[in-house]
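Novice: Chain residues, written in single-letter form:
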Amino acid sequence: GQGVEQPDNLMSVEGTFARVNCTYSTSGFNGLSWYQQREGHAPVFLSYVVLDGLKDSGHFSTFLSRSNGYSYLLLTELQIKDSASYLCAVREGDNYAQGLTFGLGTRVSVFP
Amino acid sequence: DPKIIQKPKYLVAVTGSEKILICEQYLGHNAMYWYRQSAKKPLEFMFSYSYQKLMDNQTASSRFQPQSSKKNHLDLQITALKPDDSATYFCASSQDHSYEQYFGPGTRLTVL
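Which chain is which? The protein sequence lines are A and B, in order.
Counting in the numbering used here, the first sequence runs from 10 upward without gaps.
Counting in the numbering used here, the second sequence runs from 241 upward without gaps.
Careful, some of the hints might be misleading.
For lysine to aspartate or glutamate, the following EDC-like pairs were computed, each having C-alpha atoms within a straight-line distance of at most 20 Å [to be verified]:
| # | chain 1 | residue 1 | chain 2 | residue 2 |
| --- | --- | --- | --- | --- |
| 1 | B | K280 | A | D103 |
| 2 | B | K259 | B | D315 |
| 3 | B | K243 | B | D325 |
| 4 | B | K280 | A | E14 |
| 5 | B | K280 | A | D65 |
| 6 | B | K311 | B | E264 |
| 7 | B | K280 | B | D336 |
| 8 | B | K247 | B | D315 |
| 9 | B | K293 | A | D17 |
| 10 | A | K90 | A | D17 |
| 11 | B | K281 | A | E14 |
| 12 | B | K311 | B | D296 |
| 13 | B | K281 | A | E48 |
| 14 | B | K259 | B | D336 |
| 15 | B | K249 | A | E48 |
| 16 | A | K64 | B | E340 |
| 17 | B | K293 | B | E258 |
| 18 | B | K249 | B | E264 |
| 19 | B | K293 | B | D325 |
| 20 | B | K247 | B | E258 |
| 21 | B | K243 | B | D315 |
| 22 | B | K249 | B | D336 |
| 23 | B | K310 | B | D296 |
| 24 | B | K243 | B | E258 |
| 25 | B | K293 | B | D315 |
| 26 | B | K310 | B | D336 |
| 27 | B | K281 | A | D103 |
None of these hints come from the bench; they were simulated from the model.
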């Protein structure tokens, strides 16, 4: 169906990595954003991708495959403070003031 | 200093009443948005404004009315409140031709 899908939860160990998957099926596509949201706080922008491939931003990297409607957020060298929800959001139109279509978010838990 | 101010932080209302949620941004952005986040639901886009003009509206109910008195203000008036309106309402903003949206701290509304 239409929308943005993410797994509910992901657990990982400090010092390793976590890959948060996102699949989307939307009426249009003009880019995909990733946000971090801690409990009781606002979403914080992490990354935006519109071209296929891997975008390396150090601690956070993002991958996009438009033909597959798929993206992932890769968190490397995990720290306990990376425990949070990670939201995937699709921009469907080309209007810059376009609202985003969000997934439910993936809660990442990092353990010592 | 907070760049996006939302007031109040918490709001309790009775069914059938009317409330106004305040949002002011001091980032110099021209586009502003309202989103809603309920338990077990994705962050949901409601409205977007640019230069005080409505750009996109995804809210079916006319009970929700955005009001923009200045370029950096976008308030949200909600009439005939229902318990289902209980949610955290986030205001966001972005700069022209930028896909990065910055979110305010949110107003948590509870309708009894």
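Novice: Failing hints, ascending?
Specialist: Per hint list: 1, 3, 5, 7, 9, 14, 17, 19, 22, 24 and 27 violated.
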